[in-house]
Amino acid sequence: MKKLKITIDGKTIEVPENTTVLDAAKMADIAIPTLCHHPKLTPFGGCRLCIVEIKGIPRPVTSCTTPVSEGMEVTTSNPQIEDLRKTVLELILSDHPNDCMVCEKAGDCTLQELAYFYGIRENRFAGERRIYEKKDGNPFIERDMEKCILCGRCVKVCDEVQGVGAIDFTYRGFKSKICPPYEKDLDCEFCGQCVAVCPTGALTGKQWTMKGRQMGVKEVDTVCSYCGTGCNITLHVKDNTVVRVTSKEDTWHEGWLCIKGRFGYTFINSPDRLKRPLIRTAPEGQSSPDPLSLFKEASWNEAFDLIASKLSGIKSKHGADAIGGLSSARCTNEENYIFQKFIRAAVGTNNVDHCARL
Amino acid sequence: MTNSIKEIEGMEVIFIIGSNTKETHPVIANRMIKAYRKGAKIIVADPRKVPMVRFSEVFMKLKPGTDIALLNGMAHVILKEGLHNKEFIEAKTENFDEWKESVEEYTPDYVERITGVNKDEIIKAARLYGGSRKAGLFYTMGITQHTCGTENVRAIANLVMLTGNIGRESTGVNPLRGQNNVQGASDAGCLPNVYPGYQNTEDAEVRSKFEKAWGTALSQKKGLKATEMIPAALEGKLKALYIMGENPAVTDPNTHHTVKALKSLDFLVVQDIFMTETAELADVVLPSACFAEKDGTFSNTERRVQRVKKAVNSPGEAKDDLSIIMEISKRLGYPMTYGSPEDVLTEFGQLWPTIGGITYQRLNKEGIQWPCLTKDHPGTPYLYKDGFKKPKIHFHAISYAPPAEITDSEYPFILTTGRNLFQYHAGSMTRRVKPIETHAGEPYVEINPEDGKILNIKDGQMVTVTSRRGKINIKARITNSVSKGTIFIPMHYSEAAANIITNDALDAHVKIPEYKVCAVNIKKAG
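Quick note, the sequences are listed as chains Y and A, same order. One point on numbering: in this note's numbering, the residue at position 11 of the first sequence is 11, and numbering is uninterrupted. Counting the second sequence from 1 gives a position; this note's numbering is that position plus 358.
Quick caveat, the hints were computed from the structure, so don't treat them as lab data. Just so it is clear, the structure is predicted and the values come from calculations on it, not from any experiment. A few of these clues could be false.
30 Å max Cα-Cα, derived DSS-like pairs, lysine-lysine [to be verified]:
#1 Y/K40 - A/K396
#2 A/K392 - Y/K40
#3 A/K621 - A/K869
#4 Y/K184 - A/K392
#5 A/K677 - A/K723
#6 A/K482 - A/K450
#7 A/K392 - Y/K206
#8 Y/K40 - A/K667
#9 A/K364 - Y/K238
#10 A/K747 - A/K364
#11 A/K618 - Y/K275
#12 Y/K315 - A/K570
#13 A/K668 - Y/K211
#14 A/K579 - A/K567
#15 A/K621 - Y/K315
#16 Y/K40 - Y/K275
#17 Y/K248 - A/K668
#18 Y/K40 - A/K723
#19 Y/K26 - A/K396
#20 A/K595 - Y/K315
#21 A/K792 - Y/K248
#22 Y/K184 - A/K816
#23 Y/K238 - Y/K206
#24 A/K668 - A/K444
#25 A/K667 - Y/K211
#26 Y/K26 - A/K392
#27 A/K792 - Y/K296
#28 A/K792 - Y/K135
#29 A/K842 - A/K792
#30 Y/K248 - Y/K40
#31 Y/K310 - A/K580
#32 Y/K184 - A/K407
#33 Y/K5 - A/K396
#34 A/K842 - Y/K317
#35 Y/K2 - A/K392
#36 Y/K211 - A/K392
#37 Y/K315 - A/K869
#38 Y/K310 - A/K396
#39 Y/K296 - A/K618
Chain Y with its partners taken away, still in its complex shape:
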């Protein structure tokens, strides 16, 4: 691949052809602020925050959409550029609800972080605001369009990555808005990829509301327990409760998830979870709309003793092959290994299988 030599902030580096100035800067460990850019999506150049000066070009250009050329000399930061960036941010914020106090995204919001770095407190452009009602009836994704900065990441991810195209830009100018066709409620695959790439609090999970943001929330990297893809997920835990699921961009599946992986986690804390061993008290074959009434709660010792004595009894009376074990494609490798070892070595039969066929 052809390499090109360029200079960024006085630092000369070689980068492959077709690299953007933004990516070249990243390679040189020079940070350029962005809002609409996302490394996995096509460049847009919408937010104008990543502007840089290039020698020979009379006006600043967006670094995310400009490919490098041989000998290019780039300045990523000087008072004039920073002033322009600050103005862009002020303009965005002039139309943004100032409610970081109660916003789900606070602490993890790109816009908030930039406002912090640029020290924006007062806004000289304060004026008319877009007022939208939150009225989307879907049960998964909260869409707060007043917080939308029209970066278009959600539109791109829905089309480019998910291949769905459930949303797009509508109207023009100040009235521009991102929504499903005819401004109906969102009705899509609910993968939540749009939520994952949204740089502000415009798109969040409805289940997350008031469950905890950053403070006191522990993150644990693990693996999704639904299908066989094995996506890497991060569980956000507060007070022994999983309050949110995300996935990191640098995982082998690029951080993309599906509806079940991203939103299907509340079964963990379901009140229906079994909490104590149960021993059947109802006669064989009896059923009930309240199945728990068929059983009595027991101690682990009681349950273990009963199982051991029943299995031993059946084994001595009918032989080990009268006993079978079904293991689980939902359990870990270690549990499955130990289960078949238990059936083979402790019970003494090869009657062990799992649901690979079902």
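Given chain Y, work out where chain A should sit, using these hints.
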């Protein structure tokens, strides 16, 4: 999968047969869409117009259960047009000439008559797949859950061998695993005929290796498969069943038969996180920990062993499965003492060198794809780079035979079953997630508009679906997704459980049930 999921984006041609990838493996579908954006051509063969069809160059809407005819037909065209990989066939396969004769009769015209797929589409698909030397083939239960499941897979293997599309990066055969650790449960030896690592229980040398490692004599008798345990229970041969984390009362075919079998057991233990339909029948129910409450590893569909980490404590007195099994084993006089899950993996790796190089420490970042033989082995992204186990792989002549149950005047419709995007399997997890249940909590049957018209059934009306095994009442969803004469019911909903009507006829080789085809009748309910 012989390939990695990442490699999908490098494929020239993606052939998906019997897999509703976008709904059942959405994140793998993301990778296919990425390949599509780079110019890959996608072929879809499915009885339903599944969402991946939107990205396909060719869509073959075949009649359920006619996969062999379709695959043989494609092979026929590839041969006729000289697109086959002569070098590969010569060097790595055997029985080619005999097999070649067997596909002679599968002309596009003949195959069109069996499958209902327009012959031009068959030819187009054959040219695309046969014309590529960087093609990936994908399938799931749409191929395997038939009485001819094994033969379907062999027909796929023939097509792959014919084109040599295997053993290279972005080139291979990729069955997609439907459950998070179905790969791992199989690897770990939860199969009646093999010890951990697919080592044959009937091989005396293998058995003595495990007897030595486990310090006890092991049974020489062949074990029962899950689908054989149910009839064995009914016959009174199987007296006790220990079920850890499965729900056969919903997931097995012919529910009435399954429930009767489970009730006829002398003793049933169910270890689960919820009071499932199966647990309701148990003598003892043990509460276990879910994935977020324990440490261990899962192996995904591309053989990637990944770390599962404990994030929260289990509710009440629920325990992780490892502790429960160890305790019962001890009481049966066979104590197992592992200090941690990692100790179990270490022992597993000593008995199956294919994962011998995997340690928890190495799994911290991305996981490792087996084979990984030593501590410095990087893992194996794709299989068969250096050829196959056997010097020559065999072309099996496979001929099309109709499914176990065919339609007649009493049961004139074909029922096929599967999953939808929102719910998961028997639903014990997703149906307890409120937003999912709000959005997709109602069972439905997909019916073609033409059939709807003939039967005077409108969208949203209740219908009764009957088979020789049972009947259910369910809401009609009129859609072009299914062809005339075929209906589809998702398996998730126990209140209108598809498996009350499905057929428990089994594949002769691997005993997989024919969930994908049975004959049914539909009538307006009431």
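These are the hints, each one checked on the structure:
no., hint, in the structure
1, Y/K40 - A/K396, "holds (14 Å)"
2, A/K392 - Y/K40, "holds (11 Å)"
3, A/K621 - A/K869, "holds (22 Å)"
4, Y/K184 - A/K392, "holds (28 Å)"
5, A/K677 - A/K723, "holds (27 Å)"
6, A/K482 - A/K450, "holds (27 Å)"
7, A/K392 - Y/K206, "holds (29 Å)"
8, Y/K40 - A/K667, "holds (27 Å)"
9, A/K364 - Y/K238, "violated (33 Å)"
10, A/K747 - A/K364, "holds (25 Å)"
11, A/K618 - Y/K275, "holds (28 Å)"
12, Y/K315 - A/K570, "holds (23 Å)"
13, A/K668 - Y/K211, "holds (20 Å)"
14, A/K579 - A/K567, "holds (17 Å)"
15, A/K621 - Y/K315, "holds (19 Å)"
16, Y/K40 - Y/K275, "violated (43 Å)"
17, Y/K248 - A/K668, "holds (18 Å)"
18, Y/K40 - A/K723, "holds (20 Å)"
19, Y/K26 - A/K396, "holds (25 Å)"
20, A/K595 - Y/K315, "holds (12 Å)"
21, A/K792 - Y/K248, "holds (25 Å)"
22, Y/K184 - A/K816, "holds (25 Å)"
23, Y/K238 - Y/K206, "holds (17 Å)"
24, A/K668 - A/K444, "violated (52 Å)"
25, A/K667 - Y/K211, "holds (22 Å)"
26, Y/K26 - A/K392, "holds (24 Å)"
27, A/K792 - Y/K296, "holds (28 Å)"
28, A/K792 - Y/K135, "holds (19 Å)"
29, A/K842 - A/K792, "violated (34 Å)"
30, Y/K248 - Y/K40, "holds (12 Å)"
31, Y/K310 - A/K580, "holds (23 Å)"
32, Y/K184 - A/K407, "holds (25 Å)"
33, Y/K5 - A/K396, "holds (28 Å)"
34, A/K842 - Y/K317, "violated (55 Å)"
35, Y/K2 - A/K392, "holds (25 Å)"
36, Y/K211 - A/K392, "violated (35 Å)"
37, Y/K315 - A/K869, "holds (26 Å)"
38, Y/K310 - A/K396, "violated (61 Å)"
39, Y/K296 - A/K618, "holds (23 Å)"
Hint violations for this structure: numbers 9, 16, 24, 29, 34, 36, 38, all remaining hints satisfied.
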